[in-house]
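Colleague: Take the sequences, apply the hints, and build the full model.
Number of protein chains: 2
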Amino acid sequence: MPVDGEPPVPSSPRKRADARRNERVLLDAAAEVFVTSGVEAPVRDIATKAGVGMGTIYRHFPTRADLIIAVYRHQVDACAEAGPALLANNESPYDALSQWIDLFVDFLVTKHGLAGVMRSDHAGFEALHAYFLDRLVPVCAQLLKAAARTDEVRADVDALELMRGVGNLCVSIGDDSHYDPRRMVGLLIAGLRQQPQSS
Amino acid sequence: MPVDGEPPVPSSPRKRADARRNERVLLDAAAEVFVTSGVEAPVRDIATKAGVGMGTIYRHFPTRADLIIAVYRHQVDACAEAGPALLANNESPYDALSQWIDLFVDFLVTKHGLAGVMRSDHAGFEALHAYFLDRLVPVCAQLLKAAARTDEVRADVDALELMRGVGNLCVSIGDDSHYDPRRMVGLLIAGLRQQPQSS
DNA sequence: GAACATACGGAGCGTTGTTCCGTTTCGCAA
DNA sequence: TTGCGAAACGGAACAACGCTCCGTATGTTC
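Line order of the protein sequences matches chains A and B. Each residue of the first sequence is one higher than the last, beginning at 1 in the working numbering. Each residue of the second sequence is one higher than the last, beginning at 1 in the working numbering.
A couple of the hints might just be wrong.
Pairwise CB distance ranges, derived in the manner of DEER restraints [stated by the list, open to error]: (1) A:Gln75 - B:Glu81: 42 to 48 Å; (2) A:Ala82 - B:Ser92: 50 to 56 Å; (3) A:Gly51 - B:Asp106: 49 to 55 Å; (4) A:Gln75 - B:Arg59: 47 to 53 Å; (5) A:Asp156 - B:Asp156: 24 to 30 Å; (6) A:Met54 - B:Asp151: 23 to 29 Å; (7) A:Pro84 - B:His178: 40 to 46 Å.
Because the hints were derived from the structure by calculation, they are not lab data. Just so it is clear, CB atoms sit at the ideal spot from N, CA and C, and this is done for glycine as well.
Modeller: See the structure below:
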C-alpha cells in the first residue's frame, strides 16, 4: 500500500484527470467573465465560456460564492499578509492602517460588482462573506489595535464594523464618475482619528 | 362648463373611481408588505395582499421603483424640507448638517432594504434613484456650502457624493447587531471636518 | 479489454419581473 | 333604465435566472 505523502491541503482523494482540468478551465473562464460582466454574471455564461455544462460548475463549486472565493482567494490572502508587513514598515500604525485600507479598497473597486455582492442579502453568499471576513478582519483588528494603542484613532471602533463600512462605501453604481469610493473611504478613515480633545 | 377647481397636482385627467380606489389600496398594501418583507418583496405578494392582479400594479406604477417612490414620497419631502429649517435653527451649519444627515439615516435604516435598493444596479430603479437624489441633493448641497463657508468642513466634497456614501453605509446585512450604520455615518461626517491645520 | 467509480451535460424545476389581451366594470347620455 | 364605448381589470404566459437530477460518457484499474 503506497504511503500517501500528500499534505492535507489539496482536494484530499486523487481526482480524475478531466475533473482537475475542468476545474482550472472553470476558474479561468470565471475570472474572465467576472472582469467583463461582473461577479453577478449568469452561471450559464460561465459554463458556456468554459465549454462545460451547468452540472460541472455546481459539482466543483457547490455554490456560486465558492467559485468567487476560489477565483479571488490569492488576492485576498495577499491582502491579509500585507497587514503585518505594513505595520512593521511604518512608524505610525495609523499610516499602516490607512495604507492597508487602500489596498483593500483597490482590491474591491477593481473587481466589478464584488463589493456589491459582499453586502448582498441574497441567499448563498454567506460563504463568500465569511471567507473574506475570517481572513481580513483579524488583520484589520491588529492594525486598529496598534493605532489605538498610540492614541492615533478612537478605541471604540470594531474591526468588523469598519470593514463592513469600507466594503459598503466601495459599491459603486454604474459608471458614475461623480462617486469615488477611495475619497469616501478616506473620509471615513479620517473620521477615525482621535479628536485631540474636544469638550 | 364647470370650472375645474382642482390644483394641478393630482393625476391630470379624471380617473375612474375604481382606478383611484385601487391606487390607494395598492399603496397601503405595498407599505404594509414593505415593512414586513422589505422593499424587494415580490410584486405578486403586493398584488395578492391588495387583492388585485399583476396587471393592475403595472398599470398604476409602470416600474416597481415608481411604487416605492409613491409610498415614501411624503417622508422624502419632509426630509428635504427639514434642511432649511435646521439651518435656521442652528448657530453652527455643521451641526445643522449633522442633524440633517441623522434624519436621512433614520429614514433609510427604518425602511428595511431601502438603502440596498438605492445603490442597486438592477435595471428599472433609475427613477427611484433620480427622485431621491433630485429631492435631497440640493438640500445637502446647501447645508454643505454653509458649513464650508464657516470653515467647519472641507470645501472639496460633493453633495451627491456624500449622499451616496451615506446611503451606501446604510445598507445593513441581515440582522447583524455588530454593524451600526449610524456610527459609521458618524465617522464619515467626522471625517468631513476641516483639519485645523496639519502640515 | 472489461468493469466500476467518477465526472459530465443539459433538460427541467421553481422563482422572479414583466407583458399582453380577453373580459369586466364604469360613467355618461339617450 | 338601458346601452355602449372607453377604461381598467385579472391572470395566463413569457423570459431570465439559480440550482438539481439523472442518463450517458469517460477515466482508471486490474
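Colleague: Run every hint past the structure and note whether it holds.
Modeller: Against the structure, the hints come out as follows:
no., hint, verdict
1, A:Gln75 - B:Glu81: 42 to 48 Å, "holds (46 Å)"
2, A:Ala82 - B:Ser92: 50 to 56 Å, "violated (40 Å)"
3, A:Gly51 - B:Asp106: 49 to 55 Å, "holds (52 Å)"
4, A:Gln75 - B:Arg59: 47 to 53 Å, "holds (48 Å)"
5, A:Asp156 - B:Asp156: 24 to 30 Å, "holds (28 Å)"
6, A:Met54 - B:Asp151: 23 to 29 Å, "violated (60 Å)"
7, A:Pro84 - B:His178: 40 to 46 Å, "violated (24 Å)"
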